[in-house]
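Number of protein chains: 2
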Amino acid sequence: MKQKITILGAGLVGSLLAIFLKKRGFEVQIFEKRPDPRFQNIHSGRSINLALSHRGWQALAKIGMQTEVEKIAIQMFARCIHTLDGYTHEQPYSLHEATKAIYSVSRNRLNQLLLTAAEAQGVAINFGMKCTKIEIENNLLGFRNNQNEYIKINPEVCLAADGAFSVLRSQLICQDKFDYQQSYLAHSYMEFHIPAGSNNSWQMNKNSLHIWPRDSFMLIALPNLDGSFTCTLFLQNEGEVSFQNLDNTTKGKAFFEKYFADALALMPDFEKQFETNKVSSLATIKLWPWHKNNFCVLGDAAHAIVPFYGQGMNCGFEDCVEFDSLLEDNMTDISNIFNNFENKRKPNTDAIAQMALDNFIEMRDLVKDQHFLKLKKIEAAIIKKYPKKWLSQYEMVTFSSIPYSEAKTKGIENKLKLENWLTKHGENYVPTEDEL
Amino acid sequence: MKQKITILGAGLVGSLLAIFLKKRGFEVQIFEKRPDPRFQNIHSGRSINLALSHRGWQALAKIGMQTEVEKIAIQMFARCIHTLDGYTHEQPYSLHEATKAIYSVSRNRLNQLLLTAAEAQGVAINFGMKCTKIEIENNLLGFRNNQNEYIKINPEVCLAADGAFSVLRSQLICQDKFDYQQSYLAHSYMEFHIPAGSNNSWQMNKNSLHIWPRDSFMLIALPNLDGSFTCTLFLQNEGEVSFQNLDNTTKGKAFFEKYFADALALMPDFEKQFETNKVSSLATIKLWPWHKNNFCVLGDAAHAIVPFYGQGMNCGFEDCVEFDSLLEDNMTDISNIFNNFENKRKPNTDAIAQMALDNFIEMRDLVKDQHFLKLKKIEAAIIKKYPKKWLSQYEMVTFSSIPYSEAKTKGIENKLKLENWLTKHGENYVPTEDEL
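Heads up: the protein sequence lines correspond to chains A and B, in order.
Read in order, the letters of the first sequence are residues 5 to 440 in my numbering.
Read in order, the letters of the second sequence are residues 5 to 440 in my numbering.
Rather than coming from a laboratory, the hints here were simulated on the basis of the structure.
Accuracy of the hints is not assured; some may be wrong.
Identical chains blur together in the list; that is why a pair holds if it fits in one copy or across any two.
When the alpha-carbon atoms are kept at most 27 Å apart in a straight line, the in silico BS3-like pairs for lysine-lysine are as follows [claimed, not checked]:
1. K393 x K378
2. K181 x K255
3. K181 x K290
4. K350 x K296
5. K348 x K296
6. K156 x K137
7. K296 x K156
8. K37 x K134
9. K419 x K104
10. K290 x K350
11. K156 x K421
12. K181 x K282
13. K378 x K428
14. K282 x K296
15. K137 x K37
16. K156 x K134
17. K414 x K255
18. K37 x K389
19. K181 x K137
All values reported here derive from a predicted model rather than from experimental measurement.
Model the full structure from these sequences, guided by the hints.
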């Protein structure tokens, strides 16, 4: 008789995890505080979009959903850099194959597909159930539903994929010997919307991730299925150029005119958006360990990261794949694998947390920096000459399943080598095979 | 009309702060969840003791309590190192004046004195009132008393000195843009008691802080007024020699016989103590910022540190002194000074947090390390020759009010110089005045 698993959170990670567990034959129930997103009136395409890449696809393939998700995903083969004087140029994501892409998907659409698939497998999903009590020592979970009724259960196993503001994590950090860190970025973000053009056409190249790098801040845009783009402005909270100083719409518009004129030209209702849209914070969250007794966190609840490597969801999906792999040898008591799971994942989630912070510098600054471009030039020449001998850090993180910690270490080594060749031989140097 | 101040916590920092504020003419009330420690049956001398040093004394002097506290304090002029083969040797704390001491005081006794002084000033102290609700936006505090009655207030200003497990801090970290970190040490501690000898005499030198450094772990002992000593064993949680492996009294006794034979000989009831006494954790806590609206944390609630520099209480007392100093120019609205207060204190509390971690290495390891002793030898020669030109880091932290951050920076510089002289000239070198 297999254990009954209780999952907190029916977001991307919670619903994917439920499918994995159900396929292993466990009884699975999910509790989610929000209403069912499939029955909400969501403006098509106006939701936040995410960049799905190799690790995410691996997880979807393992549960047979790759084809289904491909239908709602838009390939982005390159970064399209928008310069201050209005020019654009493209930098392919993969230096190995120009056809390799990352994929823009709507968080909501993907969540809806996963929920439907989970239910089709027989997962019971309880929406509108807010977790109001967790007693780890007493093995108790309490929920309040929309009718304000209180329901309590004693879970055999509780897996919390309840996001960056996890209720289980807030309990774990009150336990003895739980290390915890939340660090906010000095930048926050605000979203904008570029509507579709005539006949639902995209007004910019839809197969690129658009970036307006401006040193200490940047704007990015990802395509939506309906012809629109979702833009995100990342800007410092305080200082000369900051959200604090953009304290009215006139200043906001002047700021866009100065720095993002081509994007502004595609937003006829900019003023209204600027007045309505809210500024949101960005934080990195670290916890250790991830479990106690029958309770374990995963996904953002255990390791929320900043979005600049496009790996938050992909990393959470990889959690599910790792968890599922560990289940192969431990089908009787899931809580037996918590130790292995957290030990295996922690070095990797720490690594991607740091790389995501580092990539912010690269995205907003270095993609237009001459020194950075020279290093890229040498790297491109190496990959052209020895395609099997060299992987860039971006390639390892985005287009492979090489553990994040390894990608980070290898990436640092690569960078030192490139810097060294540039200093010694200049940007046109192509190292010998022995030097790699 | 001055503001009414609500303080959470009637511990050392809360009660001291209350006295400072009352002396400035504010109306002050304290809420404390525990019962009044003055009416509890506390075994004299068996409570935890603390090392009171310059910063703590400065605070007590500022409210006129120095003489009163001196009566319950025992001078410790030196570290008394107990070697593995049963020898002892003394290292004076101050290389400047052998008469400079740190002081062993009972946490409970000191707390009692401060509470009585606060009440004498007219501070209202409400014991047995557990803070069960804090709504920062609604400016609300809710308490439950021993009769399970619920009392709520709208504080004009709320200062939380409610310790390492602060209720206010647990609310602040749920607010946007509050950075937070709790990091547990790989070591925990367990207390032991060496009873008084005949006629309440001390069985070891009472004017020293006793240390049994054993590389990865150590035992320390501080004298109590009644002739006893309180010992603390600091030991790793896991590993070959660890609390985990001392899982029965036989092993515990064998461990003490091997490493602390002279201390064990003074504990006739060791077995009983080992069975009864609990193992406690050690953590460093960091928060930023420290306030929101009318609510502000200070003391351990804002910056709990490990005990190895003997500065936890001294640092909390210095918080009160700084807060009081800032009040001089801002008597109308206390919440106006929160910004200044936290900005002034944060670099210093971060510095002592790090120095306290570093000093653990020194205490358990380096006080018997030959290299360390050689550096100390050069430093002693310098201080002898140029007493006004050189302060050791320990001297700055313990016997001065030099800001902790400055002491830390200067300490690192000093160490580099000493290392350099030792490498170049050997342990008998005395630098010229220009070299300092």
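Unmet hints by their number, sorted upward, for this structure: As far as the earlier hints go, 11, 17, 18 are violated by this structure, in ascending order.
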